[in-house]
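**Student:** Letter 53 of the sequence shown, counting from 1, is numbered 53 in full-length UniProt numbering, and no numbers are missing.
Calculated directly from the structure, the hints in this document are not laboratory data. Note that beta-carbon positions come from the ideal geometry of N, C-alpha and C, so glycine has one too. Do not rely on the hints blindly, as some may be mistaken.
[What the hints assert, rightly or not] Per label pair, the in silico range of CB-to-CB distance:
#, residue 1, residue 2, range
1, Pro121, Lys46, 49 to 55 Å
2, Phe67, Ala96, 24 to 30 Å
3, Leu116, Gly44, 39 to 45 Å
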Amino acid sequence: GCPVMHESSSSSPPSSECPVMQGDNDRINPLNNMPELAASKQPGQKMDLPVDRTISSIPKSPDSNEFWEYPSPQQMYNAMVRKGKIGGSGEVAEDAVESMVQVHNFLNEGCWQEVLEWEKPHTDESHVQPKLLKFMGKPGVLSPRAR
1 GCPVMHESSS SSPPSSECPV MQGDNDRINP LNNMPELAAS KQPGQKMDLP
51 VDRTISSIPK SPDSNEFWEY PSPQQMYNAM VRKGKIGGSG EVAEDAVESM
101 VQVHNFLNEG CWQEVLEWEK PHTDESHVQP KLLKFMGKPG VLSPRAR
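Based on the sequences and whatever the hints tell you, model everything.
**Tutor:** This is the structure:
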């Protein structure tokens, strides 16, 4: 199925086409609801982007000592191309991707600190630190703060 939630509107008929370009080999990782992120340069890409990933401070699961990894700038670029945000009529400049990754990582770290603060009463009682089991995007649902 299509990973984008569609809202029907009276002004335009709903599209039967998924707005996210998917290849035949896109397998969705159930932990982050994303296809495997390619780290190779795209055809027609002008800039060389870093391929190194940054390890986050967010622990993965109760059964491991691993931490989530953020996408490299090249992986972010490839994901943006796949979503139609770069190239053609895309709205993201190629030279903005490295900064986007830095902001993405900074915001995620801040959000994780908010989660830890929210969970603190339970953590104090259970002495078990929270871990992020998987990601699940809900682009059509407003967060409590956004409501």
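**Student:** Compare the structure with the hints numbered earlier in the document and write down the numbers of the violated ones, lowest to highest.
**Tutor:** none
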